[in-house]
Amino acid sequence: MKALLTARGLTRLHGPGKGCQNVSFDLYPGEVLGIVGESGSGKSTLLNVLSGRVMPDRGSVSYCDAQGRVVGLHDASEAFRRTLLRTEWGYVEQNPRDGLRMGVSAGANIGERLMAQGVRHYGRLRQAGLDWLAQVEIDPQRIDDLPRTFSGGMQQRLQIARNLVSRPRLLFMDEPTGGLDVSVQAHLLDLLRNLVRDLQLAVVIVTHDLAVARLLADRLMVMRHSRVVEAGLTDQILDDPQHAYSQLLVSSVLQP
Amino acid sequence: MTAIESGAAGSGYNFAYLDEQTKRSLRRGLLKAVALPGYQVPFGGREMPLPYGWGTGGMQVTAATLGRDDVLKVIDQGADDTTNAVSIRRFFARTAGIRTTQRTTAASIIQTRHRIPEIPLRAGQILVFQVPIPEPLRFIEPSDSETRLMHALNDYGVMHVKLYEDIATYGHIATAYAYPVMVDGRYVMDPSPIPKFDNPKLNMSPALMLFGAGREKRLYALPPYTPVASLDFEDHPFELPVWEQACAQCGSRQSYLDELIVDDRGTRRFVCSDTDYCAGRRERQEARL
Chain H
1 MKALLTARGL
11 TRLHGPGKGC
21 QNVSFDLYPG
31 EVLGIVGESG
41 SGKSTLLNVL
51 SGRVMPDRGS
61 VSYCDAQGRV
71 VGLHDASEAF
81 RRTLLRTEWG
91 YVEQNPRDGL
101 RMGVSAGANI
111 GERLMAQGVR
121 HYGRLRQAGL
131 DWLAQVEIDP
141 QRIDDLPRTF
151 SGGMQQRLQI
161 ARNLVSRPRL
171 LFMDEPTGGL
181 DVSVQAHLLD
191 LLRNLVRDLQ
201 LAVVIVTHDL
211 AVARLLADRL
221 MVMRHSRVVE
231 AGLTDQILDD
241 PQHAYSQLLV
251 SSVLQP
Chain R
1 MTAIESGAAG
11 SGYNFAYLDE
21 QTKRSLRRGL
31 LKAVALPGYQ
41 VPFGGREMPL
51 PYGWGTGGMQ
61 VTAATLGRDD
71 VLKVIDQGAD
81 DTTNAVSIRR
91 FFARTAGIRT
101 TQRTTAASII
111 QTRHRIPEIP
121 LRAGQILVFQ
131 VPIPEPLRFI
141 EPSDSETRLM
151 HALNDYGVMH
161 VKLYEDIATY
171 GHIATAYAYP
181 VMVDGRYVMD
191 PSPIPKFDNP
201 KLNMSPALML
211 FGAGREKRLY
221 ALPPYTPVAS
231 LDFEDHPFEL
241 PVWEQACAQC
251 GSRQSYLDEL
261 IVDDRGTRRF
271 VCSDTDYCAG
281 RRERQEARL
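Protein chains in written order, with my numbering: chain H, 1 to 256; chain R, 1 to 289.
Keep in mind that the hints were calculated from the coordinates and are not lab data.
By construction, the Cβ of each residue, glycine as well, lies at the ideal position given by its N, Cα and C atoms.
A portion of the hints provided could be inaccurate.
So, partial list: chain R residues that the calculated Cβ filter (under 10 Å) puts toward chain H [said to hold, decoys possible]: (1) Leu149; (2) Gly157; (3) Met159; (4) Leu163; (5) Tyr164; (6) Ile167; (7) Asp232; (8) His236.
Let's have the full structure, built from the sequences with the hints guiding it.
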């Protein structure tokens with residue numbers, strides 16, 4: 001099987017030890033990669049570089065598109081990267097306000113990607129909106145409500161629906177459960193796990209919450225001071241961490 | 001640039017108020033705008049002797065395009081006799097000494113706010129629009145650098161988001177003026193606040209159409225015979241407004257009608273907004289009697 005996303009020697013530094021350096025990995029279709037580490041360890045920078053929103057100082061990212069062509073992400077045009085981000089990719093922001101259009105209705109938020117892809121049939125856009133609201137367990141009757149009238153958890157689910165409507169192959173998520181209370185987090189994680197499985201999505205998820213990583217990720221990368229200190233299968237890292245920092249991270253989670 | 005053209009009849013101003021270098025810079029911008037139909041060209045907007053929002057952009061474009069032999073018509077909401085139209089017409093009569101008219105057919109340059117004349121324009125005429133907000137994406141994407149990038153990358157999905165919201169809220173596309181258009185399959189353009197009734201007149205027009213936004217300092221243009229399509233959905237196509245009434249003065253059923261309340265009891269009359277069109281029809285009706 002061909003890797004979906006390949007990163008080699010990826011470096012982007014804002015200062016010494018700030019950002020990410022020398023990150024390499026392969027991500028295969030349907031695989032969920034978790035990036036964990038403390039605040040400021042470079043997780044979000046890495047995600048921004050991977051998704052083509054930020055140019056790396058060194059290194060490369062290549063992506064194998066739906067037609068099987070391998071494209072160097074940062075060599076391609078900005079138009080190509082933007083097209084990717086709204087068709088074959090999705091990006092779920094930590095704060096749903098950054099990922100949603102707060103001034104337009106939930107239905108328009110969901111339909112936007114389809115309209116950008118050239119769907120010009122109101123009835124079909126409407127139906128897609130209703131279907132996806134149901135998929136993310138929001139009452140379809142709220143299709144014409146503004147996102148600002150939604151709770152935090154609903155906004156996050158709406159953001160996920162808005163990204164998944166174009167049937168992406170790869171989803172980037174930056175702390176999708178941050179800022180939500182524990183029961184809402186559990187609900188969202190459950191939903192995400194099912195969607196990821198049903199749609200055969202490949203996911204790169206950034207989190208500082210090891211419970212989220214354990215639930216969703218197949219593989220983990222542990223980052224500290226801009227470097228990947230350990231990478232491997234999720235269970236392996238969480239049950240038998242090798243690096244001193246991974247051990248610290250795992251042992252600092254409260255065991256019930 | 002040796003000879004400074006003398007202004008009209010001792011007004012003390014250069015021909016058409018603006019100095020020659022300013023007019024040259026405007027013409028350069030207009031040439032670029034004509035070369036890229038629908039693309040917004042920035043220009044160095046000047047202070048004009050009237051407030052922003054009253055047509056400073058249109059006046060600068062008119063000043064840059066006026067020649068000594070031109071005949072100018074100015075309309076505001078279709079009418080030749082409103083304050084703004086009268087003032088701008090008089091301004092150019094004074095500072096350029098050119099002839100003015102109220103006849104659409106007799107004019108070589110027509111400066112307009114909110115309407116396109118009912119009488120079809122012919123090749124060789126120039127229609128100058130006053131534009132308050134040139135950016136059609138502004139209401140959905142407030143960042144100017146982002147909207148410029150969206151234009152550059154042909155990234156227009158959000159334009160339909162606005163129309164979608166209209167249908168979701170009102171059951172039909174409720175945008176009645178400044179209805180966005182796609183120019184030559186490339187740039188989405190705000191046709192200035194003309195009623196959508198006038199949108200079809202933009203398509204394949206034999207006249208040159210120039211747009212000037214004074215406050216926002218942008219120029220754009222539709223060269224003659226440019227395909228212009230109004231945005232819509234397959235199941236909610238672009239529709240023109242219809243009136244049940246005919247014009248109370250000339251009886252036209254083809255023109256855009258203004259609703260007037262004529263007394264304290266709320267009696268309404270509908271009359272043509274294009275005063276020249278209406279007057280011309282009445283003259284011909286009287287001649288026939």
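Violated hints - listed by number, lowest first: none
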